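Go by the hints and put chain L onto chain U.
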Amino acid sequence: MVISKVRPRSEIIIGLGVALLLVLTLFAVIAGATGFTPKEDIRPLAKFYLYYAINWYEKKFWAASPEAVNSMVWDYRGYDTLYETSVFFLAIIGAIAVFRIPGVKDVFSKGILSGRGLSLIVKTITKLVIAFVLIVSIAIAVHGNLTPGGGFQAGSAISIATLLAIAAFSRIFLEERKITTKLMLPIRVLGVLGIGLLALGPALIALSGIMSFVIQNQPKPWADWGFIPGVGPFWLSGNQFFYNFFEFVAVGAGFTVIYLIFSIPELIYKRVLKK
Amino acid sequence: MGVLERTLKIVAVAVMLFAVFIIASASVAPQDIIYGIIFSIAVAVVVSELLIAKHTKPYDIKRWFWTIAYTFYYFIVAEYKAHSDVIMRILHPKMPIKPGIVRVPFHVNTDYAIVTIANSITNTPGTVVVDLDTKRKYFYVHWINVKAPDEKTTFENISKMFEYFAKRIFD
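Top line first, the protein sequences correspond to chains U and L.
Each residue of the first sequence is one higher than the last, beginning at 1 in our numbering.
Each residue of the second sequence is one higher than the last, beginning at 1 in our numbering.
Isolated chain U, as found in the complex:
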């Protein structure tokens, strides 16, 4: 096949067309085509959430949480987060399905590839860093309803421990310590089950006649029932603490699965596929 070195005219036309479209869109937005553009001073919508997220004097619409972003994520727009979690959950099922090649694990356990890992300096420091990553990500998770952060961030952070271990030691190092996809898959299912039960729980209560709705956290003017905001010294923001915890478990285990899968060398896959 002969590849022409002259750029075809159609490409030039498409390129110019895209550029023109972008410029026109920009002008349209500036001219106000999107309708209401929020002003630079505090926006009424933001005002609502900042006013109500934690308000000891007007609990009508409150979420019992000083962390306004978390209140939106798990309370005011909880459906969105539920779907996000489901999408992430399903996406990883896809990844697992794609990489599911029988025999890959055998190659590892028979020690055809024995990872030596990086130098002693890197290994020793990584051991310490892994311990710190574990404790700090738990701190992020349990403070999700109080300070910036939350379940997803904490889950992403804790999975970095896996990535570090793979990079500094080897995949086998984790497998010897039972950190395998086999263990992580049920754990992340438990995390998502927890989120599902928390979301549906209030609806089940509605079946008994008390007014409440799916994914409800605090009592609302039209639904009297709600989660207890805190127990003793523990401020839970109703169900937000538990949402964060389960999200942490689900996302942490999910990313761990992905990193474990990615650490299988292409060579092994090809070798197994050829058989």
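Note that these hints are calculated values from the structure, not bench results.
Quick caveat, the model's predicted, so the values are computed rather than measured.
A virtual CB, placed ideally from N, CA and C, is assigned to each residue, including glycine.
The hints are all genuine.
Mimicking DSBU-like on lysine-lysine, the simulated pairs with C-alpha atoms at most 30 Å apart in a straight line are: (1) U:LYS123 to L:LYS137; (2) L:LYS135 to L:LYS57; (3) U:LYS127 to L:LYS57.
Here are some, though not all, of the chain U residues that point toward chain L, as calculated from beta-carbon distances under 8 Å: (4) ILE125; (5) ALA131; (6) PHE234; (7) TRP235.
Here is chain L on its own, set in the frame of chain U:
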């Protein structure tokens, strides 16, 4: 391995992790103290075997004394000497450098002691550990001013004091 040994290891690691938890939370409210205790023990159960080889070492007062002494020695004496030496070489009109990679022997056995010496060498300006051979017990160090390549000179000039402390802290 006895239950006591394992418990001692877990407690030592948990104390360190608790400090990290409190720093990360930036709070000493009762809730954070309780969370901190629970989760640092939980994480310590998982990682203590990885971090501590011998259970008696974290409880040895002498080692802690040497750790504090080394902190002062390293950040006040060693860093000052290394910085002033490199600054002199930068500012000197003739730039008297004689760079090269030399072999520096070490005489410690534990991982932490080896890494302490290696990182101490790297962290002081003028010397960088580029590789190490744990079997033959050598660091390969890039040195800004190679006085002589023989092992005695390199050891005396680069890592003697670091090893003196690292041996007493970790070995």
